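Peer 1: Protein chains in written order, with the numbering used here: chain A, -12 to 221; chain B, -12 to 221.
Honestly, the hints are just simulated from the structure, not real lab data.
None of these values were measured; they are calculated from a predicted model.
Yeah, the Cβ is synthetic: ideal placement off N, Cα and C, and Gly gets one too.
A portion of the hints provided could be inaccurate.
A partial selection of chain A residues facing chain B, derived with a Cβ cut-off under 8 Å [as the list claims (entries may be wrong)]:
1. 44
2. 73
3. 74
4. 134
5. 207
No farther apart than 35 Å at their CA atoms in a straight line, the calculated lysine-lysine pairs in the DSBU-like style are these [stated by the list, open to error]:
6. B:167 to A:124
7. A:167 to B:167
8. B:124 to B:167
9. B:12 to B:167
10. A:12 to A:124
11. B:124 to B:12
Restraint-style ranges between C-beta atoms, simulated for each label pair [stated by the list, open to error]:
12. A:16 to B:215: 54 to 64 Å
13. B:209 to A:196: 24 to 34 Å
14. A:206 to B:67: 48 to 58 Å
15. A:188 to B:67: 39 to 49 Å
16. A:184 to B:99: 46 to 56 Å
17. B:96 to A:152: 27 to 37 Å
Number of protein chains: 2
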Amino acid sequence: MQPRSLVVGFDADDTLWHNESIFEKVHERYRALLAHYHDAATVDRTLFATEMRNLELYGYGVKGFTLSAIETAIALTAGRIRAEEIQQLIDLGREMLAHPVDLLEGVSDVLAEVSREHRVLLITKGDLRDQERKLTKSGLLAHFQHVEIVSEKDEGSYANILRRHGIDPARFLMVGNSIKSDILPVLALGGCGAHVPYHLTWAAERVEAVPDAPGRFFQLGSIRELGALIEKIA
Amino acid sequence: MQPRSLVVGFDADDTLWHNESIFEKVHERYRALLAHYHDAATVDRTLFATEMRNLELYGYGVKGFTLSAIETAIALTAGRIRAEEIQQLIDLGREMLAHPVDLLEGVSDVLAEVSREHRVLLITKGDLRDQERKLTKSGLLAHFQHVEIVSEKDEGSYANILRRHGIDPARFLMVGNSIKSDILPVLALGGCGAHVPYHLTWAAERVEAVPDAPGRFFQLGSIRELGALIEKIA
């Protein structure tokens, strides 16, 4: 390892592989299932409210989403939804869990390049088994020195990870699609953040704030720009 | 740390606090809900079969259990179950997640005693957020040097944990209520196992095998016997 080397953390969903696009397709089918009862906007708004109310208890992931979708469907139909339609929701959840992992463009090349010269970590939140399965399916596992699956990505969880691995925050760069979960907490700890937007952002991850950390926050158009950025920082 | 010191791993559910007893009460209410349709044995057998079929996809934990319980109820009633009854199952799952943590007798004393002289780890499988929440509620967190929540407790996952923390298997003792998940994989790696049975064992954790590892496998009647065992081993 070079003395100028960095530790680079990568988010997973919507940074390395498509995820929100799978949810978006499921939302379309969910709206269609409830179209006899409510317009799409009401369905979306009510499902999101249920998810947010259940987040503390369920955490992130497909199983909690499925339970919230069933609960919302029962409420929005005043109990008139049929058991076979609820079974369709369970089947939708299962499809999501079994979905192939589609890597985003450039990810394999960039990970191979970055991991040659720097320590590379995967830091993701969500369901333990589902994230492990996606990582295995992705074929990317070998690039990562450590994999950290956490229940929430906030200052506390990043601080734990950095301490546990003896990483100086000033030499840590986090790469991800969520300003809220990947960038702001790392900047607050004195680290660097590279934001690579995905074309869809889940409402719960949207923030108004534009990070104000000159020289530590970097807005990228594509993950392919990461190599040049790391050369500049290192 | 003494040169003779051990690293002691503790399982969580049904080793430190009651868990299977909560599931057992939920099973009773589940049987009552379906009593119009099927006898208790059929309900139990079918639910267990659904859980086992879904285990690879869902992993362990309350959310997967709830989804399997809904799926089983729809199947066993040929779709005649009402939405409000499905909502009762969702509520049951939520009650389980919000359930208070009841420590088993002696656990606080024994952890305080063991952690004074030995490195102590928590190694548990299941849902990330649910296990973290239970650990926080338990008040036991301060005793553990590391907490490892894994999606499966097998030889591979124990080997990873021991390697990551630089632990010599010959100096590692795992304490837990499941022969299958807490004892056999650790014995296979050359470590020691102390089995502290709980009065209920989930069918998926039952094994016929009695571990054959003289001097490394120890059958305890209660966790209160652990201090004396550790003195003997160390």
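Peer 1: Are the hints correct? Go through all of them and say.
Peer 2: Verification of the supplied hints:
no. : hint                       : in the structure
1   : 44                         : 5 Å, holds
2   : 73                         : 6 Å, holds
3   : 74                         : 5 Å, holds
4   : 134                        : 10 Å, violated
5   : 207                        : 29 Å, violated
6   : B:167 to A:124             : 27 Å, holds
7   : A:167 to B:167             : 41 Å, violated
8   : B:124 to B:167             : 27 Å, holds
9   : B:12 to B:167              : 24 Å, holds
10  : A:12 to A:124              : 21 Å, holds
11  : B:124 to B:12              : 21 Å, holds
12  : A:16 to B:215: 54 to 64 Å  : 60 Å, holds
13  : B:209 to A:196: 24 to 34 Å : 54 Å, violated
14  : A:206 to B:67: 48 to 58 Å  : 55 Å, holds
15  : A:188 to B:67: 39 to 49 Å  : 41 Å, holds
16  : A:184 to B:99: 46 to 56 Å  : 49 Å, holds
17  : B:96 to A:152: 27 to 37 Å  : 34 Å, holds
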